[in-house]
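**Student:** The primary structure of each chain is shown beneath.
Number of protein chains: 2
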Amino acid sequence: MKEKEYSVIGKRVNKVDGLELVTGKAKFAGDLRFPGMLHGYAKRSEIPTGIIKSIDISKALEAPGVHLVFTGENIPGPNLIGILPPFDQTLLAKDRVRYAGESVAFVVAETKNQAKNGASQITLEIEPTKPVLSLDEALDPASPKIHPDGNVTFSRNLIKGDVDLGFAEADVIVEGVYETSYQEHAYIEPEAVCVVPGGDGRITIYASCQSPFHLRGHIAANLGQPASKVRVVQTYTGGSFGGKDDVAVEIGALAALAAVKLGRPVMVNHDREESIIGSNLRHPSRIKYKTGAKKDGTLVAKQVEILLDGGAYASESPFVTMKALIHAAGPYRIPNVHIKSTALYTNKTYSGAFRGFGVPQVTFASESQMDELAAKLGMDPVELRKKNALLPGDSNATGQVFKESVGILDTLQVIEREREKLKEFKGDDHYLYGTGISSMLQGISNGAEGIDVVGASVQMSQDGSVLVGIGLTELGQGSRTVFAQITAEVLGVPLEKVTVKTVDTDSVHDSGPTVASRSTTVGGKAVLTAAEAVKESLVTMAGLMFNSPGAPIVLKDNFAILEASPEARIPLDQVATAAYWTGFPLMNLTFSKAPPSNYDHDTHQGDIYVAYNYGTHLMQIRIDRITGEVTVLRHLACHDVGKVINPKGLEGQVEGGSLIGFGLAHMEKIVHSPEGRIINSNFADYAVPTIKDRIPTEVVSIEKPTSNGPFGAKGVGEPPVAGTASAFANAVSAALGKRVKKLPVTKEDILILLSEREKK
Amino acid sequence: MKEKEYSVIGKRVNKVDGLELVTGKAKFAGDLRFPGMLHGYAKRSEIPTGIIKSIDISKALEAPGVHLVFTGENIPGPNLIGILPPFDQTLLAKDRVRYAGESVAFVVAETKNQAKNGASQITLEIEPTKPVLSLDEALDPASPKIHPDGNVTFSRNLIKGDVDLGFAEADVIVEGVYETSYQEHAYIEPEAVCVVPGGDGRITIYASCQSPFHLRGHIAANLGQPASKVRVVQTYTGGSFGGKDDVAVEIGALAALAAVKLGRPVMVNHDREESIIGSNLRHPSRIKYKTGAKKDGTLVAKQVEILLDGGAYASESPFVTMKALIHAAGPYRIPNVHIKSTALYTNKTYSGAFRGFGVPQVTFASESQMDELAAKLGMDPVELRKKNALLPGDSNATGQVFKESVGILDTLQVIEREREKLKEFKGDDHYLYGTGISSMLQGISNGAEGIDVVGASVQMSQDGSVLVGIGLTELGQGSRTVFAQITAEVLGVPLEKVTVKTVDTDSVHDSGPTVASRSTTVGGKAVLTAAEAVKESLVTMAGLMFNSPGAPIVLKDNFAILEASPEARIPLDQVATAAYWTGFPLMNLTFSKAPPSNYDHDTHQGDIYVAYNYGTHLMQIRIDRITGEVTVLRHLACHDVGKVINPKGLEGQVEGGSLIGFGLAHMEKIVHSPEGRIINSNFADYAVPTIKDRIPTEVVSIEKPTSNGPFGAKGVGEPPVAGTASAFANAVSAALGKRVKKLPVTKEDILILLSEREKK
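Here the protein sequences come in this chain order: A and B. 7 is the number of the first residue of the first sequence in our numbering; add one for each residue after it. 7 is the number of the first residue of the second sequence in our numbering; add one for each residue after it.
Note that these hints are calculated values from the structure, not bench results. One or more hints might be untrue.
Here are the computed lysine-lysine pairs in the DSS-like style, where the Cα-Cα straight-line distance is at most 30 angstroms [claimed, not checked]: (1) A:K599 with B:K541; (2) A:K118 with B:K33; (3) B:K541 with A:K235; (4) B:K235 with A:K562; (5) A:K235 with B:K235; (6) B:K33 with A:K267.
Just chain A, with the same shape it has in the complex (with noise of 0.2 angstroms):
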């Protein structure tokens, strides 16, 4: 079948946005300034846990410059935050603290400088109790019980078919236990908000956040307010990869808090130390491990258990747990498999959510067991992977079977090629040098987990020109460009005369959280939905301009162009004016829903996700024996996406994930003190990559459609991550000939490697 020509899809555009971006006129939420704003900052706990005695804010009011100061106490709402049910943060706490950054109390004042120095004054009594700072201590019996419940979180178990036959079944056993560490979403913009009371009871929220709905909702019932009073508009966000959700309520929420009852607007901007320990971190993890397979790699049985840290709060440990459960037998047949997946409490920041959602984790395990498989084996990496790649038609660790858009084979194949080309090195008394590979799968949409609906509307103008809402977010993905290109396409207008906005909670349905590389996918398609909406009133009425009711019409160029006979054509602004006045709706709104689904939430089989991105990665390194110096020497990210929509945006976005992948396995570790406090909040101790640090990342791109995506598209947010870091450790591996079990692994971490190594 010849592939139908696009006019705008597939094409190599610019981000519509890119331009106030890159020249600084966008304004984002720190940016902004009103009449009479304030600025609010809050009082953090310094202990990670302890009874709260008491807290004397008399000091603290009569400070200079200082408008308002409030506990826990004077909340008129339910005191709570958190994405999901158990609802079991408090906005600020009361009895008890349960993380050494823990807010307490919020002071407004007329600057910044003026609220930290106000924040001093407080006095803050807290008995301090036992921490529970590590997965052991939380599983102790023992050990204090951090929620009434206790230390677990969230738990669940996915059992296909019978593990303990499928290991009797097995030629070849491998095990081991993999642990990854935490990672801290470093965005360029720290989190912010500004809360503006308006004169008719509303108030708005402009904020640097990922999920507006989950703000309003929230800073709605804090309020003790009606969710209808309280809009929330996202303004440019400098990144936010799962971060801006949490820590966006909470400081929404206490600055709208404060700027109801004064009655001014409040801007809570953090600095980096605050975005640090006072936002959620992606789950450090220990993963236990057993495959089984036959002789010839037949993959017969796997069996996990994952253990996820998830701090002081639940956030979004629920769903991270699930999606780990769901992704730890990779992109492959397995007949047999049981997984286990918890998330536990401890006194530390609170983990959530943060691109790959889990997926990193146990991909790095999983992908490293695949090795030692390989290994004990004797066989290629590639060709145990080839072996047992989803098909279409296979059934996948969740029993759901995809008949379509499993690009998995295609991926292995194109790294066996490429791997050929690579150059070969041999190690010296300088370097080492390693190649590694990783497959993983990604579930797109938040399926089954969930509800997966989006709102989205296109207006066209009289002028032809068109408006497009939608309740997702752009964090920087590019994902306005692709609700761009996607509308273009339909309506034949060219990029430039659609406008996307940022997203308004008043003007859309309630579109759920911007996660799970959605956007494209469910997103994209409700944005097609829409745009077809209006398309089929400009054809209407350009059949009747043409005297020819019905035919069949193709919107191209700014033109309705009569297919009978290509040079009888109209422009579309005329049309869109004809139509408007002949009483034809020029504006759509939709609310689209993903396909529904037969999930079962206590064997976690049946169908879960809408599509799968599916990917291999190859990676070439060098180690520096005397330095531990890692050097990429080649990477490509090779992943099925359905459809590329923007060749350029999707680059940038493997690009950009590959390079949190690279931190994830190599750099980022975030050092908490005996005590339990995070001692590297700053850019200077947390090294996280940057642009010198950036590895050669080539994309490659395998397009198998997914009829559930915009023209087939799939997202691909988060999937480099995995890919990238698990390659990563593979290619460590190698070079040093000894397995890397833990993330990150940095340059002193190699180091002692390689001298554990020379000892033995």
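Please arrange chain B on chain A, whose structure you already have, making use of the hints.
**Tutor:** Positioned in the frame of chain A, the structure of chain B alone reads:
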């Protein structure tokens, strides 16, 4: 049939936005402040017409605080404004000026005073030409042409039956010429806009305005930008009455041009003088009427020639001309009608939309004729009107037949009954007494005059609170309250749970202008439809929750109630939350369109409006023979409104409209100098009714529901103006025993008429 019991509809509720208005919390456009905001001021022509020789802005540019000065030469777009074709009005006059007060240059400075001072430094060289200042001058072929095609703005003929045959059959004929004068809208808040350029290349226009979509289109065009780059947000608007349509476009476009050029917010905030000389007024009219009837009072023919003084530009003259044309025959069954309606250009401030929209002018003339005819026939004026009053099934002047909702006879019956209860007064040396009645009709909706579309959205949050969006503006008329009531009724929630936003062009379908008393009827229907879509989700979800899918369910008092067993009830917030998580849409955006019409624009025969409001007014007055002072002793306004949504709001509308009618009939007079300049552009010299002049309007409603309105409701915004003005004129005529042929008939005019009478 027993009437349905409503929870909210028909109840006396306070305005939903009343509290913020009376407490001063509501922000009007002129209250807005943004960092870096500048102020704009227009330099205006002081002479009515002439050729612009030069505009020297050099000194102005150097005046203190001035940032920008521009003229018509500097406008990227077409430099055209105007509501409708012909777009004959320049944004800034370029080659010539056509009225005294026309803007020729725009100055932007730090403060309004600096801008004003800057404007005073502009040297304007205009070579005066002979102005056309009256209808007769405009008609004179020897007069200069104000526009290239001459001095006729718009002219139409309505022809029904054969008027010559009709008069041939008549036993009695009355003839007369009637005149009305200018009227200023005199809203409490003069026009204001504040334009804020965004970091995303879009601009937001915060405007006190009546038709945000007009602003969007015209401002974008003059900026040379696509409409999708312009967002218009209506601020609280302190009255409009038709006046904030053109002028908001004008000042919005000027401020937008400056804001884009300077990259800073720009405010234009008119003072009263600018508001009077620089925005449209009500069309003065001269109307020739001829009415023929049989001896028994049966009307057989009506011939009318209407001349409207449209001023320098078309503005809404075409529509006002049409409206006058269609309504000139009154609410009567007349087989033969010929009406000619013409608007003319003159070199005065342009005339445009004003509450009533041509109907008060023709009603005054028509109802004067009815009284004259009654006198000539020796019939009671009520009897004559009753005899000819339209009944359901009758064909009106445009040949439209309504099978329902024709309540004119009912209003006459009420008035007849009430007239009997009037105290009888005998005139004496000090006082004269008179009673007047008038009947009228007013088309509801844009109808076939244009296109009647409205967009509305209803969004329920998971907590059961509701946000309503609509493309029609709240101008003080109480439509937000009506929309809130409709939504609350449909969704079974208390009124407090419903918030109605002001208009934001980004979030709703282009709904055209807020005119023609169409908000409740056409807008309300859109809100009703959107609310019903949300209701469907709730009812479906509740059916599942009751384990009775499809069973009849009532939404009431915040509960979903199983009709079959009303003790089974689930709180609506629980239903909404469940609906969200099950994937039933909780938001709907509706595009609502009036039923198609079959109107013939040549003969003006056919179906034009979705409904008519019918009314009869009764007024008893006392005239002080010494001072000419008129005291209204009783005023009864009886209208067929279809269904009363909010009795309080309706009373407010009728009282307010009546006072405008009273001002038109008795108090308000724009005075021009012989050169053609308005010389009483302030409230000291232009007498507008104040609270002291309030007349004791009593409101009686007839409810003859229309299926084209929500719950049967018809609009009532405009009709009382015509009813009151005409009843007043007839009452004064009765008291004086002399026909008033010109409005306003002020105290001074009454003294003159009295002295003329006494001279005889």
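**Student:** Mind checking the alpha carbons of B:K235 and A:K562 for me, to see if they're no more than 30 angstroms apart?
**Tutor:** holds (22 angstroms)
**Student:** Under the criterion that the straight-line Cα-Cα distance not exceed 30 angstroms, is the pair B:K33, A:K267 satisfied?
**Tutor:** Status holds; Cα separation ~18 angstroms.
**Student:** Would you check the hint for A:K118 and B:K33, treating anything up to 30 angstroms between C-alpha atoms as holding?
**Tutor:** Given pair A:K118, B:K33 holds - Cα atoms ~27 angstroms apart, limit 30 angstroms.
**Student:** Are the Cα atoms of B:K541 and A:K235 separated by 30 angstroms or less?
**Tutor:** This hinted pair holds, its Cα atoms lying about 20 angstroms apart.
**Student:** Decide if the proposed pair is consistent with the structure: A:K235 and B:K235, CA atoms, cutoff 30 angstroms inclusive.
**Tutor:** holds (27 angstroms)
**Student:** Are the Cα positions of A:K599 and B:K541 separated by 30 angstroms at most?
**Tutor:** Holds: A:K599 and B:K541 sit about 19 angstroms apart, inside 30 angstroms.
Taken one by one, the earlier hints all hold for this structure without exception.
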